[in-house]
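Colleague: Here's the letter readout for the chains.
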Amino acid sequence: MSEPPSLGRDDVAHVAGLARLSLSEEELDMFTGQLARVIDHARDVSSLDVHDVPPTAHPLPVRNVLRTDDPCPGLDRDEVLAAAPDVEDGRFKVPRIVGEAP
Amino acid sequence: MSAAGAGADGTSGSAVSAAGAGADRADRAEWETVVGLEVHCELETQTKLFCGCKNAFGDEPNTNVCPVCLGLPGSLPVLNAFAVELAMRIGEALHCEVRPSSFHRKNYFYPDMPKDYQISQYDEPINVGGWLELPDGSRVGIERAHLEEDTGKTTHQGETGRIHAADYALVDYNRAGVPLVEIVSRPDIRSSAQARLYVTELRAVLVATGASDGRMEEGSLRVDANVSVRRVGAVAFGTRCEVKNLNSLRSLGRAIDHEVARQVALVEATGTVVQETRHWDENAGRTVPLRSKEEAFDYRYFPEPDLVPLAPGSDWRARAARAVGLLPSARRERLAGLLGGAPTPQQVDQVHVVVAQGLDDLVVAAVAQGAPAGVALVRAANELAADLGAALVLDPGIFGRVAVMEAQGELTATQAKAVLAELLAAGGGDPAAIAAEKGFEALSEGSLAAVVQGVVEAHPEEWSRYSAGEDKLAGFFTGQVMRATGGKADGKAVAAELQRLRR
Ligand SMILES: [Zn+2]
Numbered sequence: 001m002s003e004p005p006s007l008g009r010d011d012v013a014h015v016a017g018l019a020r021l022s023l024s025e026e027e028l029d030m031f032t033g034q035l036a037r038v039i040d041h042a043r044d045v046s047s048l049d050v051h052d053v054p055p056t057a058h059p060l061p062v063r064n065v066l067r068t069d070d071p072c073p074g075l076d077r078d079e080v081l082a083a084a085p086d087v088e089d090g091r092f093k094v095p096r097i098v099g100e101a102p
Numbered sequence: 001m002s003a004a005g006a007g008a009d010g011t012s013g014s015a016v017s018a019a020g021a022g023a024d025r026a027d028r029a030e031w032e033t034v035v036g037l038e039v040h041c042e043l044e045t046q047t048k049l050f051c052g053c054k055n056a057f058g059d060e061p062n063t064n065v066c067p068v069c070l071g072l073p074g075s076l077p078v079l080n081a082f083a084v085e086l087a088m089r090i091g092e093a094l095h096c097e098v099r100p101s102s103f104h105r106k107n108y109f110y111p112d113m114p115k116d117y118q119i120s121q122y123d124e125p126i127n128v129g130g131w132l133e134l135p136d137g138s139r140v141g142i143e144r145a146h147l148e149e150d151t152g153k154t155t156h157q158g159e160t161g162r163i164h165a166a167d168y169a170l171v172d173y174n175r176a177g178v179p180l181v182e183i184v185s186r187p188d189i190r191s192s193a194q195a196r197l198y199v200t201e202l203r204a205v206l207v208a209t210g211a212s213d214g215r216m217e218e219g220s221l222r223v224d225a226n227v228s229v230r231r232v233g234a235v236a237f238g239t240r241c242e243v244k245n246l247n248s249l250r251s252l253g254r255a256i257d258h259e260v261a262r263q264v265a266l267v268e269a270t271g272t273v274v275q276e277t278r279h280w281d282e283n284a285g286r287t288v289p290l291r292s293k294e295e296a297f298d299y300r301y302f303p304e305p306d307l308v309p310l311a312p313g314s315d316w317r318a319r320a321a322r323a324v325g326l327l328p329s330a331r332r333e334r335l336a337g338l339l340g341g342a343p344t345p346q347q348v349d350q351v352h353v354v355v356a357q358g359l360d361d362l363v364v365a366a367v368a369q370g371a372p373a374g375v376a377l378v379r380a381a382n383e384l385a386a387d388l389g390a391a392l393v394l395d396p397g398i399f400g401r402v403a404v405m406e407a408q409g410e411l412t413a414t415q416a417k418a419v420l421a422e423l424l425a426a427g428g429g430d431p432a433a434i435a436a437e438k439g440f441e442a443l444s445e446g447s448l449a450a451v452v453q454g455v456v457e458a459h460p461e462e463w464s465r466y467s468a469g470e471d472k473l474a475g476f477f478t479g480q481v482m483r484a485t486g487g488k489a490d491g492k493a494v495a496a497e498l499q500r501l502r503r
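Top line first, the protein sequences correspond to chains A and B.
For the first sequence, counting from 1, position 71 maps to 71 in this note's numbering; every step adds exactly one.
For the second sequence, counting from 1, position 137 maps to 137 in this note's numbering; every step adds exactly one.
Do not take every clue at face value.
To be verified - Examples of chain A residues toward chain B, derived with CB under 8 Å: (1) SER6; (2) ARG9; (3) ASP11; (4) ALA13; (5) GLY33; (6) ARG37; (7) VAL38; (8) VAL50; (9) VAL53; (10) ALA57; (11) VAL62; (12) ARG77; (13) LYS93.
Derived by calculation from the structure, the hints in this document are not laboratory data.
Backbone N, C-alpha and C define an ideal beta-carbon position, used for all residues, glycine too.
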């Protein structure tokens, strides 16, 4: 393949950071190689002439899957909160958040 | 959450402190304010955007949740048709092109979304292009108005209550998945006053389409402002900062003024503004840095595989267009028409208030019942607007009866206000019964004339001064008449009687 590598080690470290994954040096090397192969595989498509092909938003030839605006019962709160690691005042208790909502 | 597509640019750590009102007027005259606004509007649906959970404000925490909006494995979103309908109405009302669209996942780590992504529209929004004309005749371009889901509500717990000092947070997912339309304006706004006017008019449009209840104080409408400055005559835009946490029109205006002064001082001192996201601190009256451009979120948008494209047919689009009610400009014209003749400046203001608050149908109904438009208008603009929540659910017939009673002299203005307040507090009732209960019997014309005559005779010195043209004494006489009648006299009738006696 004549094109430059699709993905570098820094890219993988960045994406891992976004996904809150902590990777060792060895893992970074391993995933850089694996992910680069995946992306190169997808890049094969760019060798095809697709200028006459309309963009695809979804593989299924289906549109407008909709429901009417009718309420239906959800889950019982006690049941929901029972699955949470920690709870206070009927709400999920989560660790201190650094920074503000995006 | 900020807009898809618009990007969250930001930065922090600027060395120059906020300028406050420091930049003086002479300097400010060289600078032009440039503002674009992002308005998040919660839609008035029964259910959430992708599940059948109730869309309700103020319910017990985590009682309107299900596997879909909690992001439990194996659950699948299904789009709410009425949310699409309301989004299309908004698009039509803002003169947008309503288009086929698709959904993306906006990925980020924050506990306000249990899925760790928000479903939004990215490169194919439902509404594109458009404009909103403001009452002053200016026009603000609309970039896009897209559908997305709201996030849950996090409450930070800690000694100071401040985010950075919080020990932990509590999360309520009742709001997670509530349908939103985010309306992104072009950077066409040139002052804080125009920004306030834009939000006021947009709010009225959203209420008129049935898409929103317009309650900023409940978070139904939330505003972020992109602010930059440039020298007057410059073509290129300056570096912008996005200001968040604008929870009222007052905050919006103050934050823009503060941010413009800060940026002008910054450019004059250092020649440049650092692109960043800032947080409006209402109590301190200033913006503080939230994140830098370098710290900006990388949302890794990708197409939502669980949702198929949306392409409403022309029939549905036409139905949505027809469902858009009378827009505020037309509503203002309708009220002006009922007033007949040229409205006074006060009436122009009253018309704006009444239409902006969605009270104009009540005025129209009162006029149909026989009330003069001017009387109904002033009561709507003052008494109804003062208790908006109650006014919007008041039986129009009841309001009409009060306006008719006032117009026919059965109630004085003061009495009509008291009766209305009582009706609003009770959520309805019989105006005549309330008036009787309060002992409101308007004075007949004859007995009023007698009281006025008596007051005049009791104060000959003041009367001669009033007769000689000292108009401010009218207030003195009116006060005396009110005292003599226990407040039952109609101020206008007293003024008319005084004028008559003076002639
Ligand atoms: Zn749900």
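Colleague: Next, verify each hint and record whether it holds.
Modeller: Now for the hints, and whether the structure bears them out:
Because the closest C-beta pair between A/SER6 and chain B is about 16 Å apart, greater than 8 Å, the hint is violated. Among the interface hints, the one on A/ARG9 is violated; its C-beta lies about 17 Å from the nearest C-beta in chain B, farther than the 8 Å criterion. With its C-beta approaching chain B no nearer than about 11 Å, A/ASP11 sits outside the 8 Å limit, and its interface hint is violated. Hint status for A/ALA13: violated, given a least beta-carbon distance of 13 Å to chain B, over 8 Å.
Among the interface hints, the one on A/GLY33 is violated; its C-beta lies about 21 Å from the nearest C-beta in chain B, farther than the 8 Å criterion. Interface restraint check: A/ARG37 against chain B, minimum CB-CB distance 20 Å, threshold 8 Å, status violated. Because the smallest distance between the Cβ of A/VAL38 and any Cβ of chain B comes to about 14 Å, over 8 Å, the interface hint for this residue is violated. Hint on A/VAL50 is violated. Least Cβ distance to chain B is approximately 17 Å, over the 8 Å limit.
Interface restraint check: A/VAL53 against chain B, minimum CB-CB distance 16 Å, threshold 8 Å, status violated. Given hint, A/ALA57 at the interface with chain B, holds; its Cβ is 4 Å from that chain's nearest Cβ, closer than 8 Å. At about 5 Å, the closest approach between the beta carbon of A/VAL62 and any beta carbon in chain B falls short of 8 Å, and the interface hint on this residue holds. Nearest Cβ of chain B to the Cβ of A/ARG77: about 5 Å, under the 8 Å cut. The hint holds.
With a cut of 8 Å, the hint placing A/LYS93 at the interface with chain B holds, because the nearest CB-to-CB distance is about 6 Å.
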